[in-house]
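Asks: Top to bottom, those sequences are chains A and B.
Positions 0 to 312 (numbering that gives the first Met the number 0) are the ones given, in order, by the first sequence.
Positions 0 to 347 (numbering that gives the first Met the number 0) are the ones given, in order, by the second sequence.
It is worth saying that the hints were derived from the structure and are not from the lab.
None of the values given here were measured: they were computed from a predicted structure.
Yeah, the Cβ is synthetic: ideal placement off N, Cα and C, and Gly gets one too.
Nothing false has been slipped in among the hints.
Label pairs and their computed distance ranges (CB to CB):
#1 A:Phe106 - B:Gln158: 37 to 43 angstroms
#2 A:Thr257 - B:Gly68: 41 to 47 angstroms
#3 B:Asp301 - A:Thr257: 21 to 27 angstroms
#4 B:Arg248 - A:Phe19: 44 to 50 angstroms
#5 B:Leu175 - A:Gln24: 43 to 49 angstroms
#6 A:Trp48 - B:Leu9: 54 to 60 angstroms
Non-contacting residues of chain A with respect to chain B, defined by C-beta distances greater than 12 angstroms in every case (computed):
#7 Ala10
#8 Ser17
#9 Phe19
#10 Gln24
#11 Asn61
#12 Ser65
#13 Pro69
#14 Pro77
#15 Leu110
#16 Val111
#17 Gly127
#18 Ser212
#19 Tyr214
#20 Met217
#21 Leu230
#22 Glu256
In case you want the letters, here they are:
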Amino acid sequence: MSFENGSPSTAWRRFRDSYFLYRLQRDRRAQICLLLFGLLMIGLLLTPWIAPSNPYDLAQINLLDSELPPFWIAGSEPGHPLGTDAQGRDLLSTMLYGARVSLAIGFGAVLVQSLLGTVLGLLAGYRGGVVDALLMRLADIQLSFSTLMMAIVVGAVVKAAFGGAFYGDYGVAILITIIGLSEWPQYARTVRASVLAEKRKEYVEAARVLGFSSYRIMWRHILPNTLSPILVLSTVQIANAIMAEAALSFLGLGMPETKPSLGSLIKSGFDYLQSGSWWITLLPGLFLVLLVLVVNLLGDWLRDTMNPRLYKG
Amino acid sequence: MIFFLMRRLLQAVAVMFVISVIGFAIQDGLGDPVRQLLGPTATDAESTALRHSLGLDRPLWMQYLDFAGDAVKLNFGDSYFFHEPALDVIARYLPATLELVAASAMITLLLSVPVGIFCAIRPRSWLSRGLMGLSLIGISVPVFLSAMVLIQLFSIGIQVTLFPTGTGWGQWLNQLLSIQGGMPAYGRGNPVHVWGVWYTNFASWQGLLYLLLPALSLAFVMLPLFVRLIHAEMLEVLESDYVKYARARGLRPSRIYFLHALKNTLLPVVTLGGVQIGTLVAYTLLTETVFQWPGAGLMFLDAIERADMPLIVAYLMVVGLIFVVTNTLVDLLYRGLNPRVTLSGRAA
Chain A
0 MSFENGSPST
10 AWRRFRDSYF
20 LYRLQRDRRA
30 QICLLLFGLL
40 MIGLLLTPWI
50 APSNPYDLAQ
60 INLLDSELPP
70 FWIAGSEPGH
80 PLGTDAQGRD
90 LLSTMLYGAR
100 VSLAIGFGAV
110 LVQSLLGTVL
120 GLLAGYRGGV
130 VDALLMRLAD
140 IQLSFSTLMM
150 AIVVGAVVKA
160 AFGGAFYGDY
170 GVAILITIIG
180 LSEWPQYART
190 VRASVLAEKR
200 KEYVEAARVL
210 GFSSYRIMWR
220 HILPNTLSPI
230 LVLSTVQIAN
240 AIMAEAALSF
250 LGLGMPETKP
260 SLGSLIKSGF
270 DYLQSGSWWI
280 TLLPGLFLVL
290 LVLVVNLLGD
300 WLRDTMNPRL
310 YKG
Chain B
0 MIFFLMRRLL
10 QAVAVMFVIS
20 VIGFAIQDGL
30 GDPVRQLLGP
40 TATDAESTAL
50 RHSLGLDRPL
60 WMQYLDFAGD
70 AVKLNFGDSY
80 FFHEPALDVI
90 ARYLPATLEL
100 VAASAMITLL
110 LSVPVGIFCA
120 IRPRSWLSRG
130 LMGLSLIGIS
140 VPVFLSAMVL
150 IQLFSIGIQV
160 TLFPTGTGWG
170 QWLNQLLSIQ
180 GGMPAYGRGN
190 PVHVWGVWYT
200 NFASWQGLLY
210 LLLPALSLAF
220 VMLPLFVRLI
230 HAEMLEVLES
240 DYVKYARARG
250 LRPSRIYFLH
260 ALKNTLLPVV
270 TLGGVQIGTL
280 VAYTLLTETV
290 FQWPGAGLMF
300 LDAIERADMP
310 LIVAYLMVVG
320 LIFVVTNTLV
330 DLLYRGLNPR
340 VTLSGRAA
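The following block holds chain A by itself, in its conformation from the complex:
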């Protein structure tokens, strides 16, 4: 590794010489996944410009166009390449907008849980003692409950307590909070495990001898060395969060139909499965699987490449 500080191309050079890129150039599957992920991201970023219509704009929806089939089935219309749903919304546009909502919730929830879990994991690992014991027992209990079940229970309680209208208005924020709060133990355990390994190393001792505050040692010295397990975990957790959101929405504890995510699209289409309009529910489902699969494959590859000490269990 080169250390030419000050030259503008240092970062680029380090990337060019990195093991990461070396592995990427030799793994066809990872390249395809990265390409697909990039395409999906670009597509979802540009959705307002590339989508055939805007599903939130009631003026663009014609109820007479409802349940049109996709283009390869007789009776389709060229304006709606993937057909329409039961309310006459263009399915392709609705799916793109829905995937944006799903992904936003996924990223938001992972942000919440990684912040919370990292802080608590650092504290537990570095301080040890009572703090550690208390936090880890709490994490044990929460994990034994399964995070998805936790999210369902909290969602159910919030919905029963505040009613459906409140839920509809603040859906994104509620879902991010619920999924974020129920998944923090994953991060806390992973971070704690690597903090325990790092804590014994000489550089931490050196920092302590130099008289740095424990706050500074935790954040500036130990945390950067635990980043690769956090990164690997985050990819898996984004996939998990998207799945959890879809499950919650499918149970009616998620996004309302007026501002659908992929999960609530699948749910609203399910009622029309029996009447033969399978595309309303199965196409968003396929899209969801594609999204989650690509993220999962990337996570798999990252784990093989970075090979961090993930907490096993």
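Assemble chain B onto chain A, guided by the hints.
Replies: Coordinates of chain B only, in the frame set by chain A:
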């Protein structure tokens, strides 16, 4: 052993305490029951009197003790909707869920062990590559989606019109690729009464038919997880010295794979099974929703829709209890399978 049981008990008490606090907090829907009972026109004197007669003017911890005392006696109050004790309602719905879980657990176990072992023994065969690829896709498929695909394929059926219908071979191909459907995908059918007390789907062909699609879709989400785990563990075990030694001694391969290697492979599988109990409950909720399977999960979701608080609280307490008990059992089983593990948590 004593230490382990004590710690487990302590943890169980902590879990049940947390759940009961949540239950206590939500039992009145987070609103003021007095105002709801009397309406906005009540005078101060009236509401004070009612508050006193309901015991709501006492300190919070006394009210909680009341609630906890009733909960210990398995009394969660009457369901608002069914007008009968909440626990009775759950007892009526739970068997359907348990049958569903049992059926899918059987399918998962019967399929995942041979598939996982096969993929580990013959890692280069096209079949095991295909199966591992499928399992990778499988973990990205949500349970409700696989359920819907099953419904579309085997209940509704598909009519293929891809090939020209005018020609004989086109007709023939279309018919070959079409699926009739017709499998039941709604509810439980008519469960058979066995021994006077047990309604079951296991005792008749028709009942099993109703059980098949829900159990399959629940099994399809658990399968990939277990196949991948068994495969990974088996690969590791097959590299170990004792397997090499067994091979050198000339033992039959089947004996090595299914007796020596499998036993050590099962350890993490049992752990995963324990960890997955909670997830399984969540998946059961989803499966029951898709198939309208009249189990405890569907009952819980209906209770949420109706804001039926006693039923919600009772369900949460029951599920919490199931988690605590199964986790303890899994730990004990783990110890039985692996004598090297001390129950204080680390391998000796």
